[in-house]
Structures are given as C-alpha cells and as structure tokens.
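J.: Sequence:
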Amino acid sequence: MLDLRVIREDPERLRASQRARGESEEVVDELLAADRSRRASLSEFERLRAEQKSLGKEIPPAAGEEKQALLARAKELAAAVKAAEAAADDAQQRLDQLAAVPSNIVLDGVPVGGEEDYTVLREVGEIPALEKVRDHLELGEGLGAIDTERGAKVSGSRFYFLTGVGAQLELGLLNLAMNTAVEAGFTPMITPTLVRPEVMAGTGFLGAHADEIYRLERDDLYLVGTSEVPLAGYHADEILDLSRGPLRYAGWSACYRREAGSHGKDTRGIIRVHQFHKVEMFSYCREEDAADEHERLLGWEERMLAAVELPYRVIDVAAGDLGSSAARKFDCEAWLPSQSRWLELTSTSNCTTFQARRLNVRERTETGTRQVATLNGTLGTTRWLVAILENHQRPDGSVAVPQALRPYVGGRDVLEPV
RNA sequence: GGAGGCGUCGCCUAGUCCGGUUUAUGGCGCCCGCCUGCUAAGCGGGUUGAGGUUCACCCCUCUCGCGGGUUCAAAUCCCGCCGCCUCCGCCA
-2 MLDLRVIRED
8 PERLRASQRA
18 RGESEEVVDE
28 LLAADRSRRA
38 SLSEFERLRA
48 EQKSLGKEIP
58 PAAGEEKQAL
68 LARAKELAAA
78 VKAAEAAADD
88 AQQRLDQLAA
98 VPSNIVLDGV
108 PVGGEEDYTV
118 LREVGEIPAL
128 EKVRDHLELG
138 EGLGAIDTER
148 GAKVSGSRFY
158 FLTGVGAQLE
168 LGLLNLAMNT
178 AVEAGFTPMI
188 TPTLVRPEVM
198 AGTGFLGAHA
208 DEIYRLERDD
218 LYLVGTSEVP
228 LAGYHADEIL
238 DLSRGPLRYA
248 GWSACYRREA
258 GSHGKDTRGI
268 IRVHQFHKVE
278 MFSYCREEDA
288 ADEHERLLGW
298 EERMLAAVEL
308 PYRVIDVAAG
318 DLGSSAARKF
328 DCEAWLPSQS
338 RWLELTSTSN
348 CTTFQARRLN
358 VRERTETGTR
368 QVATLNGTLG
378 TTRWLVAILE
388 NHQRPDGSVA
398 VPQALRPYVG
408 GRDVLEPV
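With my numbering, the residue at position 38 of the first sequence is 35, and numbering never jumps.
Treat the hints loosely; a few may be bogus.
Unchecked claim - In silico BS3-like pairs for lysine-lysine, Cα to Cα no more than 27 Å straight-line:
(1) K64 <-> K150
(2) K79 <-> K54
(3) K129 <-> K150
(4) K64 <-> K54
(5) K50 <-> K72
What the hints assert, rightly or not - Simulated restraints, written as ranges between beta carbons of each label pair:
(6) A303 <-> S259: 28 to 36 Å
(7) A30 <-> V130: 28 to 36 Å
(8) K150 <-> A30: 51 to 59 Å
(9) R5 <-> R269: 37 to 45 Å
(10) D263 <-> G111: 17 to 25 Å
(11) R409 <-> R265: 23 to 31 Å
(12) R338 <-> H206: 21 to 29 Å
(13) R44 <-> A251: 51 to 59 Å
(14) K150 <-> L29: 55 to 63 Å
(15) S152 <-> D216: 14 to 22 Å
Hints listed in this document are in silico derivations from the structure and should not be mistaken for laboratory results. In this text, all values refer to a predicted model and were calculated from it rather than measured experimentally. Heads up, the beta-carbon is just placed ideally off N, CA and C, and yes, glycines get one too.
Please model the entire structure based on the sequences and the hints provided.
T.: This is how it looks when you write it as structure tokens:
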C-alpha cells in the first residue's frame, strides 16, 4: 500500500514508477478521484454527526412538548447520519481497494524494464575450470546426500530427502548463516510457517503471485514461502522504538512454494522444490536509513557466499521484475557449472514503507508516528547446496568442503562417494 | 472439544448491574515548567492512536479487544467473533 498523501502531492512519482514496471498508469487518477470522493463523504458524515451529538445533549433536560419535538428531530437526524456514514464507509472501502492495486514506487536508479534488463554490479571469485562436470544431483546421489526418487515416491515431484552428509551440510549451512547473523547483531528467530490471511496479504504476496502460495482452506491459513512473512507480521500494529538503530531479526524456517507455472523448469535435482529451509534476514528501520541498510544486508549475504567459497555476481534487478512490495532488489547469483549459467542464491529487497503501511508498523518521532521501512535478505537456503556441490566437485566425484562448513560434517575436508 | 473468568488512552486502575452533566476516573512512568547548593522530594501543566479541516492555531469526527444490532443517545443493553487466564477432557 502507498501513502495517499504522497500520491496527492506528487502523483507523477507514482506514474513514473508504474511506467518503469510496465504497469497501469490509469490507477493513479482513479486513486485521486476515489480519495476526493472519500474526503467529501467523510466531511458530510462528520458534519451531521456533530449536529446529532449537540442535539442529543439538549434532550435530557427538556420536558413535555419541547422534548417530543426534539426527539422527533433527533430521529430524523439519526437516519441521515446512518446514511451518510454508510456512504462514507463505501467511499473508504473503494479507496482501500484501489490503494492496494499499485506496486511499491521503485527507487531512483533501478534499471527500467523486465527480467532481462538487470544491471550487473560486480562479479566476485573465480569460475572453476572443470574438465568433467557432474551436476549436483549426480554428485549428491554419489555421496548419498540427496534422494529425489524417494522424495517423489513419498510426496510427489519437487520433493526430496536430504540424507547423511546432505542433511549435515544443510544443517551446517543454516547454522553458519544463523551464527553469521547473530554475530552481526541479529536476533535469531524460529517462526511460525502458517500465517493468517491478513499477514500474508500485508507482505504483498497475495497479489500477482498468489498462485505460488499453499493455502489451508479448512483453517484459513497460508503456508509461508519465506520467514519474511511471519517476521513482517511480528510487529504488526505496533509502534517501534528505532532510536537505537534498526531492529534486525534472523528467521529460520521451512519454506513452501507451489511452483505453479514453472512446469518443466528446473525439474532435475533440488534447484526448484516445493519445500526447503532458509535463514532470512529481516530489518525494520527508518525510511531514510533503508538504502544504507539494504547495502548492509547485501554485505552480509556476500560474506556468507565468501564463507562457502562460491563464485557469484550481484545484479540490480530491473523494475518490471521486482515483487510488488520491493522498491529495489539485489540478487546474488552463484555460478552453476553444470548449466554454465548463474543461479539465484540470495535476494534482498528494500520494501521501504510499503509492507509497514499494510501491516501498520510505525515508529515514534518527535512530532508523532510514521511508517517504518522493512527490508529482507537471504542468508542461506537448501538451494545453496546445489552450488556448493557443483563448484567444489573433484574429478572423482568427491566434493571438497569449504573450510567454514567442515565443523558441521565431522571435520572432514572432502566428502567421498559412498 | 467442554465449563467459567477476563479484555478500558505505555503499565495498573475507576466506571459496566440501573444508557445521557464522562470533554472516560485516579495512580505509576514519561515530557515541559516552577522551586531548590546538586539530586531527591514538593508544586503546576502535558501525556492513546487515526482521520477531516486549516498557512497555522483552533475546531470537528472516529477510537473502551474486533464486527454487527437496539436507541434520539452505547465503555454501559443484545448478538456474533477474536485473544488471554483457570479447570476438565483429548492428543503429539
């Protein structure tokens, strides 16, 4: 949701943003009209209501015919107030519906265009020179680390078991991510993975990407695709104290995605799956600090990528490829040797005040309260195992273990096929 | 799942039976000022949030867990829901 006052004062900003994303500009004028109509009907209701209240005060002391006359007038007025209130509620509701339509206003500097129009900010690390490349599934099966056949038997396609060193590697990676976050001052959190509709809607995931989300109809709950969702809801309807800096949380959770519309894409292995684990950074900060905080989140992501010794690049995602909540997004993509392409491992979004406005998360300032900014970023996921296995593979099908992960696999520096 | 209790402006709390001088009481905390060698105490004032209107001040409306209803009028009466607590039952 956007700040109507900003739109009222500077509608061109939203128009420009909608153009950059390739979305509708008409909604801006519709919004302005709905806002005007809401304010008009609200004023009318308030005027009548004030009259009703002052008339109501004259009734108790009155008596006889005078009282009867007052009561008759009050009764008429009550009907008018009721009608005016209904009209004002309708106008408010129309405005709320419209206000939920536009995506967040993109920040200056975000590349214009669609999925292919990203800007590469930098490439870090050496792409390994491999003679014979095995993909992560072949390597994982060799090590006794990944079992997708039995995953499919038990739960269907895009499910898997992590077994033996595979399970250890995942736990190790996520622990390393958690430890990295805690050292950086984040509060570690283990979150609910089922959330109420308001929270899911508040994070902006029920718009264009609603198909991606599992819903438990009997209980009216949604399975989260990331702990960003419960962490954004954590402070809903609260007024925060950000005077001592951002509130930073590191969420550990299972994540569920339907992967609707990705049939036939990344069907092999565990690149694109219905369920995985993730450690997610989430930050509540002042709006003016959000851009700097975004850089910091990116910095911690890159620290993790360096710790597991992966070659990667950082891209500034184009406006048309941003989620509805994001005003800017940086992805880190690791090299995927088996496909000679880049694979997204992290994604950090600056949602400015968009989510906070929907979820009603504010901070206290000298003059009152205002919406905070929220940001999120990935510190580790199951998918990272794909890049780790492939980039650290050796000709015999064994896999070297990055130093930072060795404590989690019994101190071994190499995982051998079983 | 069953029974009972509770939900008031940061925290505690009065008001709810019996609707209207309630602009929701008082205390704690916090903020401003006065007083004072300093601090504490004392004294005075302020202190929910949102919206409308306005250059601004003022003013107005909503807000007593949430949503309906009754009424000229609802914190107060009625209905539904949510949350918390206690007990019972069931179950990892």
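J.: All the hints need checking, so say for each whether the structure fits it.
T.: Consistency of the hints with the structure:
1. K64 <-> K150: violated, 80 Å
2. K79 <-> K54: holds, 19 Å
3. K129 <-> K150: violated, 31 Å
4. K64 <-> K54: holds, 12 Å
5. K50 <-> K72: It holds: about 12 Å lies between the C-alpha atoms, which stays within 27 Å.
6. A303 <-> S259: 28 to 36 Å: holds, 30 Å
7. A30 <-> V130: 28 to 36 Å: Violated: the Cβ-Cβ distance is about 59 Å, outside 28 to 36 Å.
8. K150 <-> A30: 51 to 59 Å: holds, 57 Å
9. R5 <-> R269: 37 to 45 Å: Given a distance of about 43 Å, which is inside 37 to 45 Å, the answer is holds.
10. D263 <-> G111: 17 to 25 Å: The hint (17 to 25 Å, Cβ to Cβ) holds, given that D263 and G111 are roughly 20 Å apart.
11. R409 <-> R265: 23 to 31 Å: holds, 27 Å
12. R338 <-> H206: 21 to 29 Å: holds, 23 Å
13. R44 <-> A251: 51 to 59 Å: holds, 54 Å
14. K150 <-> L29: 55 to 63 Å: Since K150 and L29 have Cβ atoms about 56 Å apart, the given range 55 to 63 Å holds.
15. S152 <-> D216: 14 to 22 Å: holds, 20 Å
Against the hints set out earlier in the document, violations occur for numbers 1, 3, 7.
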